[in-house]
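Peer 1: Here is what each chain is made of, one letter per residue.
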Amino acid sequence: MAVTIDDVKHVARLARLGVTEERAGELVAELNGILGHMAALEKVDVEGVMAADGVGALGMPLRVDSGAPYPLRHPLDAFAPATRDGFILVPRLASHEDASEETE
Amino acid sequence: MSERRAARPPETSARGIAERVRDGDITAERAAREAFVRGDDARVGPDGLNALLWTDREATLDAARGHATESDFVDRGDLAGVPIAVKDNIATLTLPTSCGSRILEGYVSPFEATAVTRLRNAGATIVGKTNMDEFAMGSSTENSAFGPARNPRDRSRVPGGSSGGSAAVVAAGMVPIALGSETGGSVRQPAAFCGIVGVKPTYGRVSRYGLVAFASSLDQIGVFGATVDDAAIGLQTIAGRDVMDATSADVPVERYVEASGASLAGLVIGRPKEYFPDFLDARIREKCDRAFDAFRKLGAEVRDVSLPHTDLAIPVYYIVAPAEASSNLARFDGVRYGLRVPADGLAATYEATRSRGFGKEVTRRILLGTYVLSAGYYDAYYKKAQQVRTLIADDFREVFASGVHLLFTPTTPSPAFPLGAKADPYEMYMSDIFTATANLAGVPAMSQPIGAVDGLPIGGQLIAPHFDEARMFGAAYALEAALGAEALR
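Residue numbers (our numbering), protein chains in the order written: chain A, 106 to 209; chain B, 108 to 596.
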């Protein structure tokens with residue numbers, strides 16, 4: 106299951122990471138080097154073994170899906186890259202390039 | 108108490124500082140000022156150890172003064188006036204929380220981590236944010252976007268990682284306690300490298316509200332202490348259920364300092380053979396043997412045991428952790444906080460921001476994590492790793508069910524290595540070979556100094572069943588007292 110340069114480019118796209126051609130080539134070697142060590146897992150018999158879905162005695166609890174938003178001690182414009190009227194400005198979608206509202 | 112604190116002056120321990128402040132001998136402001144002086148003397152800043160990334164002395168001294176006048180914390184808190192440093196991935200309201208990354212450079216959190224709030228409520232003063240491997244991905248603090256940190260015991264060597272800055276400021280004597288975070292050994296390994304105490308609590312023992320997520324099924328806030336007592340005071344202060352973190356456990360918290368002086372008679376300490384492989388440095392083995400002898404003299408029984416899936420921990424860890432990281436780090440996209448690199452449209456902005464904001468190791472792990480989760484590879488890698496993880500957790504369950512109370516092992520296979528010595532990613536990952544198992548199983552573990560090799564500290568690791576931190580601290584206090592100054596030799 107060797108990683109190819111196309112795999113690197115594919116996962117980089119999925120992960121929204123720009124990777125240069127040169128770096129993609131290096132990553133093929135690096136990821137194959139790392140995944141080569143994972144081959145040890147192939148030999149382990151896991152017939153009937155449950156996949157861990159949490160750790161410890163308590164499983165993986167979920168929070169109640171309700172409640173007030175977390176209180177913020179600094180205003181939005183103190184940490185968001187761009188805001189207007191108390192809202193975060195989001196870069197426009199490429200498919201909406203004709204939209205009249207300029208957000209940047 | 109003096110032999111426990113080895114070479115450290117008792118008046119700079121957490122207990123010593125809090126007593127002086129509560130007795131009115133010094134103010135909290137003076138205690139903070141003294142910490143900055145000790146930090147300057149040890150050159151903990153960017154021109155020296157590069158252990159401390161962000162400080163604001165005037166604001167810190169103001170906060171310490173405010174504590175004295177506005178509340179009665181200083182009259183009664185366990186940590187009255189105690190200066191504490193915090194890893195840069197734990198949210199603070201006034202200092203930046205950059206996670207050692209360009210993508211969060213200058214970011215100041217609009218909320219505070221529960222662990223930090225609890226420290227402040229006990230009277231502590233937060234004196235700075237410490238250097239770390241970017242997003243806690245690393246074992247040497249060389250992956251920080253703000254330059255590598257250095258080991259105070261030997262400045263040509265790494266302090267370990269990812270919480271290397273926190274370990275270094277404690278080892279340099281600036282503060283008696285610092286917060287770090289653990290995903291695969293990021294508190295215990297730097298504690299071992301720097302010759303101090305580092306604790307990874309049980310998964311769920313400490314609220315993670317305000318800890319920037321790396322791998323959510325593994326992450327846990329941990330505590331560094333100059334001594335076992337410092338670490339015990341720190342952990343008992345921050346532990347316990349928090350409504351802001353659903354994964355924090357509703358299990359009562361003991362006062363770990365009361366484990367000091369506990370008898371080890373009847374205690375069974377396991378010696379897992381897989382942690383003493385042939386390639387282990389013989390001098391590290393000797394230091395461990397000396398610790399086992401000390402445990403026997405204290406009345407404990409040392410029993411040979413086996414945790415047969417130990418050697419699979421690193422392959423499992425480096426599938427599970429990057430997979431979870433690839434999901435958790437999706438939030439850093441230039442929209443809501445941190446760096447935004449404008450580009451043509453939303454998708455291009457995401458890509459430009461993430462490509463410029465993330466460093467090499469973070470990028471590598473996101474890609475690795477995305478790969479093992481992608482169609483066609485999920486079953487072979489991720490699902491298989493989660494199954495083997497169950498086997499690793501079962502190893503611990505079985506050994507503790509057999510009547511063994513604690514395990515004792517070396518913390519790392521070698522002492523601190525020189526900066527730049529490990530260029531191959533997998534070779535670096537192997538630094539966590541003895542620590543990642545506890546994260547995968549969710550059990551508590553801690554490292555403490557048990558000797559030195561060529562002048563470099565060696566750590567010994569205690570591992571306990573879930574939520575049995577009190578017994579672990581009991582053994583740690585006893586070993587520290589038994590070794591005395593030998594712990595640093």
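Some clues are possibly wrong.
[To be verified] If the Cβ cut is set under 10 Å, some of the chain B residues that face chain A in the computed set are:
#: 1; residue: Asp261
#: 2; residue: Leu419
#: 3; residue: Ala455
[Said to hold, decoys possible] Simulated coverage check for chain B against chain A, where a stretch passes if three residues somewhere in it have a Cβ under 8 Å from a Cβ of chain A:
#: 4; stretch: 269-283
#: 5; stretch: 331-344
If you're looking for bench data, these hints aren't it; they were derived computationally from the structure. The beta-carbon is built from N, C-alpha and C at its ideal position, and this holds for glycine as well.
Peer 1: Indicate, hint by hint, whether the structure satisfies it.
Peer 2: Verification of the supplied hints:
1. Asp261: violated, 29 Å
2. Leu419: holds, 6 Å
3. Ala455: holds, 7 Å
4. 269-283: violated (count 0)
5. 331-344: It is violated: at least three residues are needed, and the stretch 331-344 of chain B offers just 0 whose Cβ sits closer than 8 Å to chain A.
Hints 1, 4, 5 from the earlier list are contradicted by this structure; the remaining hints agree with it.
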